[in-house]
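Single-letter residue listing:
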Amino acid sequence: QSALTQPASVSGSPGQSITISCTGTSSDIGNYNYVSWYRQHPGKAPQLMIYEVSNRPSGVSDRFSGSKSGNTASLTISGLQAEDESDYYCSSYTSSTAHVFGTGTKVTVL
Amino acid sequence: EVQLLESGGGLIQPGGSLRLSCAASGFTFSSYAMHWVRQAPGKGLEWVSGIISHGGSTYYADSVKGRFTISRDNSKSTLYLQMNSLRAEDTALYYCAKGRGGPARASDYWGQGTLVTVSS
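Chains as they are written, first to last, in our numbering: chain A, 1 to 110; chain B, 1 to 120.
It should be emphasised that the hints constitute simulated quantities derived from the structure, not laboratory data.
From a predicted model like this one, the values you see are computed outputs, not experimental measurements.
Just so you know, even glycine gets a beta-carbon here, dropped at the ideal spot from N, CA and C.
Among the clues, some could well be false.
The list that follows gives simulated cross-link-like pairs (lysine-lysine, DSS-like), each with its CA atoms no further than 25 Å apart [unchecked claim]:
{"id": "1", "chain 1": "A", "residue 1": "44", "chain 2": "A", "residue 2": "106"}
{"id": "2", "chain 1": "B", "residue 1": "43", "chain 2": "B", "residue 2": "76"}
{"id": "3", "chain 1": "B", "residue 1": "65", "chain 2": "A", "residue 2": "68"}
{"id": "4", "chain 1": "A", "residue 1": "68", "chain 2": "A", "residue 2": "106"}
{"id": "5", "chain 1": "A", "residue 1": "106", "chain 2": "B", "residue 2": "65"}
Between beta-carbon pairs, the in silico distance windows are [unchecked claim]:
{"id": "6", "chain 1": "B", "residue 1": "62", "chain 2": "A", "residue 2": "19", "range": "39 to 47 Å"}
{"id": "7", "chain 1": "B", "residue 1": "69", "chain 2": "A", "residue 2": "54", "range": "45 to 53 Å"}
{"id": "8", "chain 1": "B", "residue 1": "23", "chain 2": "A", "residue 2": "11", "range": "33 to 41 Å"}
Footprint (simulated), chain A over chain B, 3 or more residues, beta carbon under 8 Å [stated by the list, open to error]:
{"id": "9", "segment": "5 to 13"}
{"id": "10", "segment": "17 to 27"}
{"id": "11", "segment": "69 to 78"}
{"id": "12", "segment": "85 to 92"}
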């Protein structure tokens with residue numbers, strides 16, 4: 001099972017919106033609505049930001065939203081803030097091994 | 001408050017074995033799937049293994065299949081990962097994570113990790 005493909009880095013200015021893509025296959029993203037997104041600050045454990053494509057856990061800002069089209073999922077961060085600077089990972093359920101993570105995206109706030 | 005506390009990591013020679021534990025509290029452990037996820041130094045997250053609530057089904061990444069065994073003791077609210085035939089590429093911080101329900105669902109709580117270093 002290969003990792004899902006994410007851009008290595010995405011950047012934006014404070015207040016702007018950015019979108020991180022996550023591309024998989026018909027064996028994972030394309031066939032299941034179990035796509036999730038995690039944020040990981042340096043030296044910290046990952047934090048769940050989006051589950052089942054577009055749902056936010058309690059306590060996560062509504063500036064974070066998720067979507068999916070075909071084999072590609074997306075995470076959009078609107079009203080970018082300095083605290084959003086972090087690493088972001090997508091994940092999907094997969095028919096082969098159960099779960100697979102994306103390659104990770106470093107978000108930089110300019 | 002949900003808490004996950006991993007232990008058992010350390011320095012081990014290639015070919016050796018190690019057992020990781022994850023003590024859970026603050027939720028009904030027996031009702032949720034659990035997972036192990038690892039992160040090699042400076043690298044991304046890699047899902048390693050998962051187990052359903054009652055332990056009847058287990059799942060493994062291809063990279064560890066046949067070498068690692070996940071298990072759980074619901075009476076002790078503890079998750080385990082038995083790691084055999086360890087390789088240098090298994091060096092990583094190993095996280096225990098709680099699933100939101102069944103095995104397909106996301107992980108909503110994570111421990112702080114236990115470091116495994118495979119080196120001679």
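Hints, verified against the model:
no., hint, in the structure
1, A:44 <-> A:106, "holds (15 Å)"
2, B:43 <-> B:76, "violated (32 Å)"
3, B:65 <-> A:68, "violated (30 Å)"
4, A:68 <-> A:106, "holds (20 Å)"
5, A:106 <-> B:65, "violated (30 Å)"
6, B:62 <-> A:19: 39 to 47 Å, "violated (30 Å)"
7, B:69 <-> A:54: 45 to 53 Å, "violated (35 Å)"
8, B:23 <-> A:11: 33 to 41 Å, "holds (40 Å)"
9, 5 to 13, "violated (count 0)"
10, 17 to 27, "violated (count 0)"
11, 69 to 78, "violated (count 0)"
12, 85 to 92, "violated (count 0)"
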